[in-house]
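K.L.:
Chain by chain, the residues:
Protein chains: 2
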Amino acid sequence: MSRPTSRVLLNTGDGKGKSSAAFGVMVRAWARGWTVGVVQFIKSEKWVVGERKLARHLDINWHTLGDGFTWESTDIDHSAQMARHAFEVAAEMLKSGNYDLIILDEFTYPLTYGWIEKDAAIQAIKGRSPKTNVVITGRNAPLELLELADTATEMRKLKHAYDQGIRARKGIEY
Amino acid sequence: MSRPTSRVLLNTGDGKGKSSAAFGVMVRAWARGWTVGVVQFIKSEKWVVGERKLARHLDINWHTLGDGFTWESTDIDHSAQMARHAFEVAAEMLKSGNYDLIILDEFTYPLTYGWIEKDAAIQAIKGRSPKTNVVITGRNAPLELLELADTATEMRKLKHAYDQGIRARKGIEY
Numbered sequence: 292m293s294r295p296t297s298r299v300l301l302n303t304g305d306g307k308g309k310s311s312a313a314f315g316v317m318v319r320a321w322a323r324g325w326t327v328g329v330v331q332f333i334k335s336e337k338w339v340v341g342e343r344k345l346a347r348h349l350d351i352n353w354h355t356l357g358d359g360f361t362w363e364s365t366d367i368d369h370s371a372q373m374a375r376h377a378f379e380v381a382a383e384m385l386k387s388g389n390y391d392l393i394i395l396d397e398f399t400y401p402l403t404y405g406w407i408e409k410d411a412a413i414q415a416i417k418g419r420s421p422k423t424n425v426v427i428t429g430r431n432a433p434l435e436l437l438e439l440a441d442t443a444t445e446m447r448k449l450k451h452a453y454d455q456g457i458r459a460r461k462g463i464e465y
Numbered sequence: 292m293s294r295p296t297s298r299v300l301l302n303t304g305d306g307k308g309k310s311s312a313a314f315g316v317m318v319r320a321w322a323r324g325w326t327v328g329v330v331q332f333i334k335s336e337k338w339v340v341g342e343r344k345l346a347r348h349l350d351i352n353w354h355t356l357g358d359g360f361t362w363e364s365t366d367i368d369h370s371a372q373m374a375r376h377a378f379e380v381a382a383e384m385l386k387s388g389n390y391d392l393i394i395l396d397e398f399t400y401p402l403t404y405g406w407i408e409k410d411a412a413i414q415a416i417k418g419r420s421p422k423t424n425v426v427i428t429g430r431n432a433p434l435e436l437l438e439l440a441d442t443a444t445e446m447r448k449l450k451h452a453y454d455q456g457i458r459a460r461k462g463i464e465y
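Protein sequence lines correspond, in order, to chains A and B.
Residue numbering for the first sequence follows the working numbering, starting at 292 and increasing by one per position.
Residue numbering for the second sequence follows the working numbering, starting at 292 and increasing by one per position.
To be clear, the hints were calculated from the coordinates, so they are not data collected in a lab.
Ideal Cβ placement from N, Cα and C applies to all residues, glycine included.
It is possible that part of the hints are untrue.
What follows is a list of derived Cβ distance ranges for each label pair [to be verified]:
| hint | chain 1 | residue 1 | chain 2 | residue 2 | range |
| --- | --- | --- | --- | --- | --- |
| 1 | B | Asp410 | A | Ala411 | 53 to 61 Å |
| 2 | A | Asn389 | B | His376 | 45 to 53 Å |
| 3 | A | Lys417 | B | Asp350 | 49 to 57 Å |
| 4 | A | Lys450 | B | Arg323 | 18 to 26 Å |
| 5 | B | Pro421 | A | Lys450 | 15 to 23 Å |
As a list, the in silico SDA-like pairs of lysine to any residue whose alpha-carbon atoms are at most 20 Å apart [what the hints assert, rightly or not]:
| hint | chain 1 | residue 1 | chain 2 | residue 2 |
| --- | --- | --- | --- | --- |
| 6 | A | Lys450 | B | Asn431 |
| 7 | B | Lys448 | A | Glu435 |
| 8 | B | Lys344 | A | His451 |
| 9 | B | Lys417 | A | His451 |
| 10 | B | Lys450 | A | His451 |
| 11 | B | Lys450 | A | Glu435 |
| 12 | B | Lys409 | B | Ala371 |
| 13 | B | Lys344 | A | Arg343 |
| 14 | A | Lys450 | B | Arg430 |
| 15 | A | Lys344 | B | Lys448 |
Pulled from the structure, derived: some chain B residues nowhere near chain A, Cβ distances all over 12 Å [to be verified]:
| hint | residue |
| --- | --- |
| 16 | Ala322 |
| 17 | Arg323 |
| 18 | Arg347 |
| 19 | His348 |
| 20 | His354 |
| 21 | Gly405 |
| 22 | Ile413 |
| 23 | Ser420 |
Please model the complete structure; the sequences and the hints are all you need to start from.
P.N.:
Pasting the structure below:
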């Protein structure tokens with residue numbers, strides 16, 4: 292198997308900007324006429340109101356398969372099932388050859404929770420269509436993902452308004 | 292002077308994603324119907340082909356005042372002059388009250404080079420219209436900016452494809 296010419300980018304760390312930076316890559320890809328897919332492993336209101344609205348505007352394929360998968364969930368089995376289903380869809384997309392770029396947003400969490408096997412995740416990414424670039428976001432990326440990534444960035448919190456008791460501001464924070 | 296309810300966000304560090312994350316904030320603001328302005332202190336091809344095309348698409352005000360201000364410039368005086376002019380325009384925008392969000396992209400560089408006085412920069416940001424949120428990007432942010440920021444994130448390079456001799460890939464890297 293020849294090495295794919297595409298790239299794997301990883302945005303991890305406890306700071307802000309992991310998903311926003313992935314989104315910047317998505318937009319850059321859009322500007323070049325690439326076919327882009329997004330699989331969102333955690334339902335996130337901020338993506339719904341912001342990036343997702345834009346994605347609709349730009350006709351980007353968007354899969355919010357993480358719906359129902361939240362930390363407040365009272366039914367963890369259901370959440371795990373949702374995450375596994377999201378991964379099945381992502382795996383199909385990765386090997387389909389239909390995408391120039393796939394964003395796996397917040398993908399590290401189901402790995403950390405053991406809901407998706409790390410080995411299966413690594414194999415799905417390694418065995419992707421050679422043309423398909425991948426951007427993965429989420430805190431605490433497992434070492435295997437870091438090894439697989441061509442480019443990995445840690446977003447580190449230096450200072451955060453929350454720490455100073457300032458409430459999240461609509462538009463900026465969510 | 293009452294404390295502005297708006298925020299100052301700072302994305303610094305040597306890793307990737309500083310401008311992309313700022314761009315994600317821009318898009319989120321757009322999705323909420325905010326008036327957004329961008330002042331780009333360094334001419335950057337990647338913004339031209341990607342984010343800038345989108346900004347045009349979304350009718351976002353864009354000021355590429357850094358045109359001609361590059362590290363390859365053979366006329367440093369001219370570059371400094373361009374940067375100072377860009378700052379004058381940014382300062383006007385900051386106090387105008389016409390913007391919900393202003394992005395000062397790559398703003399740290401002219402500060403580091405001494406082309407714009409740090410004190411003047413801090414005063415312009417502190418004295419902005421209370422409604423105007425500000426996002427600043429660039430490496431090596433001076434301490435004064437970090438102190439002023441409500442939220443500061445360091446993008447740290449964990450691993451980079453360039454280190455492994457892989458050429459930049461169109462669409463992903465620029």
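K.L.:
Looking only at beta-carbon atoms, does the pair B:Asp410, A:Ala411 fall within the given range of 53 to 61 Å?
P.N.:
holds (56 Å)
K.L.:
Are the Cα positions of A:Lys450 and B:Asn431 separated by 20 Å at most?
P.N.:
Within the cut-off at roughly 15 Å; holds.
K.L.:
Does the alpha-carbon distance linking B:Lys409 and B:Ala371 stay inside the 20 Å limit?
P.N.:
Between B:Lys409 and B:Ala371 the Cα gap is close to 14 Å, so the pair holds against 20 Å.
K.L.:
May I ask you to check that B:His348 keeps its beta-carbon over 12 Å from the closest beta-carbon of chain A?
P.N.:
violated (8 Å)
K.L.:
Taking 20 Å as the top limit, are the C-alpha atoms of B:Lys450 and A:His451 close enough?
P.N.:
Violated, at roughly 25 Å.
K.L.:
Taking 15 to 23 Å as the hint, is the beta-carbon distance of B:Pro421 and A:Lys450 inside that range?
P.N.:
The hinted range 15 to 23 Å holds for B:Pro421 and A:Lys450, with Cβ atoms some 21 Å apart.
K.L.:
Would you check the hint for B:Lys448 and A:Glu435, treating anything up to 20 Å between C-alpha atoms as holding?
P.N.:
Holds, at about 17 Å.
K.L.:
Verify this label for me: B:Ile413 is non-interface relative to chain A, using a Cβ-Cβ cutoff of 12 Å.
P.N.:
Nearest chain A Cβ is 16 Å from B:Ile413, so the label holds.
K.L.:
Is the nearest CB of chain A more than 12 Å from the CB of B:Arg347?
P.N.:
The assertion about B:Arg347 is violated, with a minimum of 10 Å to chain A.
K.L.:
Should the label of B:Ala322 as a non-interface residue stand, given a Cβ cut-off of 12 Å to chain A?
P.N.:
Per Cβ check, B:Ala322 is inside 12 Å of chain A; nearest 4 Å; violated.
K.L.:
For the pair we were handed, A:Lys450 and B:Arg430, check the Cα-Cα distance against 20 Å.
P.N.:
Since the Cα atoms of A:Lys450 and B:Arg430 sit roughly 16 Å apart, the hinted pair holds (cutoff 20 Å).
K.L.:
With 12 Å as the threshold, tell me whether B:His354 passes as away from chain A on beta-carbon distances.
P.N.:
holds (19 Å)
When held up to the earlier numbered hints, the structure conflicts with 3, 8, 10, 15, 16, 17, 18 and 19 and fits the remainder.
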